[in-house]
Amino acid sequence: MKNVMSNKFVIALYTLPALLLILLLIYVPITLSGYYGLMDWDGIGEMKFIGLENYVTLIQDKMFWTSTWHSFLLAIFSTASLLLYLAISLVLASKIKGSDLLRKIYLIPMLLSSVAIAQLWMKIFDPTNGMANKLLEMFGVENTPIWLADPAIALYAIFIPVIWQYAGFYILIYYAALKNVPDEVIEAAKIDGASPLQIAFKIKLPLISGVFKVTIMLAVVGSLKYFDLIYVMTGGGPNGASEVMASYMYKEAFKLNNFGYGSAIGFGLLVICLVMTWITSKLTKSKDDVQY
Amino acid sequence: MKKKAFSTVMSMALAGSLVLAGCSSSDTSGDSGESSSGDKTVVKMMHLWPEGSSNAQYTIVDDIINAYEKENPDVDIQTEILGNEQYKEKIKVLSASNELPDVGITWAAGYMKPFVEGNMFASLDDIVQEDKFVAGTLDAFSVEESTYALPLELNITPVYYNKEIFEKYNLEAPETYDEFLNVVKTLSDNGVTPITLGNKDRWTGSMWYMYLADRIGGPEVLNKAINRTGSFEDPALVQAAEEIEKLVDMGAFVKGFNGLSNDEAKGYFMNEQAAMYLMATWELPNYTTTPDVAQEFKDKVGYFKFPTYEGGKGDIDSYVGGPGVGLFVSEQSKVQDEAKDFVSYLVEEWGKRSVVDAGVIPATVVDTSNGELDQMYVDILNDLGKATNLTLYADVQMSAGVADVHLNQIQSLFGGQSTPKEFAKTQEEALAAEE
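Protein chains in written order, with our numbering: chain A, 1 to 292; chain B, 1 to 435.
Hints are not guaranteed to be accurate.
Here are a few chain B residues that face chain A, going by a calculated C-beta distance under 8 Å [to be verified]:
1. S95
2. E99
3. G118
4. N258
5. R353
6. A400
Honestly, the hints are just simulated from the structure, not real lab data. Keep in mind the model is a prediction, meaning the values are calculated, not measured. We put the beta carbon where it would ideally sit given N, CA and C, even for glycine.
Work out the full structure, taking the sequences as your base and the hints as a guide.
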């Protein structure tokens, strides 16, 4: 067996199917969308080569930068919310009563499909009959907000379900990481007279910092390419107030029949995601990784 | 060692076959296989009324196909049926690879234009019988004086209202705009939502604007702005926008309308939380035949024509509306003559049955004398007969890019982010840029 596995030819043979699939399903489409970005194409008729015109338009397109800004806002909010998730998991992992049940409750939104979540929250945000405004009215608020219809708050209103939707996922990751912290270390700290807070900040958090970095990366990239709830709940409206990069790309390519320009936006999105991934990994990199 | 090598190869082969199995295709639907239709002319048709969700339309088309095949034994019509959204997607993919079915369904004007320009649809000038269609419906399916699809549906947009709510406040269906404003004011003073509007979808608000533009400036003014013989900054078009602003300030529309979809907004009317609802006649089944809706509610619903504006040029019998879908014949089709013959047969038969069986008003002239129809249908069809003008939905008239500007501006105007002047100016610029 050892012989077979060290044979270069066999190694190549075994990786070939996966390599082919990745090439076919990921790299070829990426290259193609970059190429379509050079075309004036409505997705139906003949393609016309126009060089870099789409990309020049993209750089000057105010709507594109507005939607990029919205995507970045989402990235900032979801990264900030990681701290909240971390706090919750610290509590859950500290063997309090009912933590098992709570963990399952937090996980529920993750099991729902995005469209179901969107429908649910659209009902909650309904300006007249929705739960949110009924609650506010109960507390005597007179001019209740119109949530998804108000350009000033529509985007932030959608952030609420987005952050709620992913809570279970991150809490689960942190919970698992915290459970991996060896009990002996904590026992030793307790014997040395460390308070629970000291244990959390000086022992548990440094030990799971690797996982924390990974989740930051996931949250940033996931936010930048976020699409589903925005598309279902407002479709990017009112008048572009909640447009993000991915929804703008979809709109240009499929709704407005600018397939070439849509591809250019998609390529721009890819470049922004790559740059942000690189920056995030630089920022979170530390030389001395904490070891047990 | 040999055995190892053998198992390596075997597992590779297994993995390979898995990959290949994923790629194999499995579609082709139709009444009969290729073998039995060897000597018949096969006409392939795609439509968007699946048996499950649009049973009435499905049955009509199916019956017509059977009747046609009986009359023309040498023709075999094979159908492929998809739901609305999948249909739209598939048609795009098929046209990109030049594999459109011989006969298929298309939407009007702006949607159809890229297909016509890409030389995908055949001209139907040789089979169209203009006198059979309601005036104006063919225009929506024409590009440069040539017809490229035959319309199946026609919708106009009356204002539906809840008679019970009106009676409670001693109101009557308004005929002039001043009466209409009075209705709105009375209702909103009494804490009743006067009008429900799902302006997240944007074309819904566009219909209100189009009617005001029509009643103030006459039917031509908006069309002229769009076809560039006029300007969007025409005083009548700005005035119409000012009237919208006034309505919004009066609290005429349901709270948060810019965040509600049309379906959500419709809920307010169906639950009697709002008194009026401007929508196309595709809603009629909900107020007449649909079994899921309580008869009690159906009895409360009436409709009125959009009221006239004092000193305005438009009359009360002018409507905003438009044909829904139409039938096209593919330019690439090898059986174009048969396909065209079938299309004209289908359109004619469809016209005889669609109102009674499916509640769909066809684009062909309907005979209402046989008494099988619900009164509301008869009234609407009679109104349609008296119509002086039919203005096609603005966003359908425009190209996709300009339509998006128009619709966004509609949302901004209703939401108070654009003043009437900015509203007109932005659209004028977008239209001018495209010339």
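To see whether the hints hold, each was checked on the structure:
1. A cut of 8 Å between beta carbons decides the hint on S95 (chain B): the least distance to chain A is about 5 Å, and the hint holds.
2. About 13 Å separates the beta-carbon of E99 (chain B) from the nearest beta-carbon of chain A, more than 8 Å, and the hint is not met.
3. Because the closest C-beta pair between G118 (chain B) and chain A is about 3 Å apart, less than 8 Å, the hint holds.
4. Annotation: N258 (chain B) was flagged as interfacial toward chain A, and the flag holds, the nearest CB pair being 4 Å apart, inside 8 Å.
5. Interface restraint check: R353 (chain B) against chain A, minimum CB-CB distance 33 Å, threshold 8 Å, status violated.
6. For A400 (chain B), the suggested interface contact is upheld, since its CB lies about 5 Å from the closest CB of chain A, less than 8 Å.
Checked against the numbered hints listed earlier, the structure breaks hints 2, 5; every other hint is satisfied.
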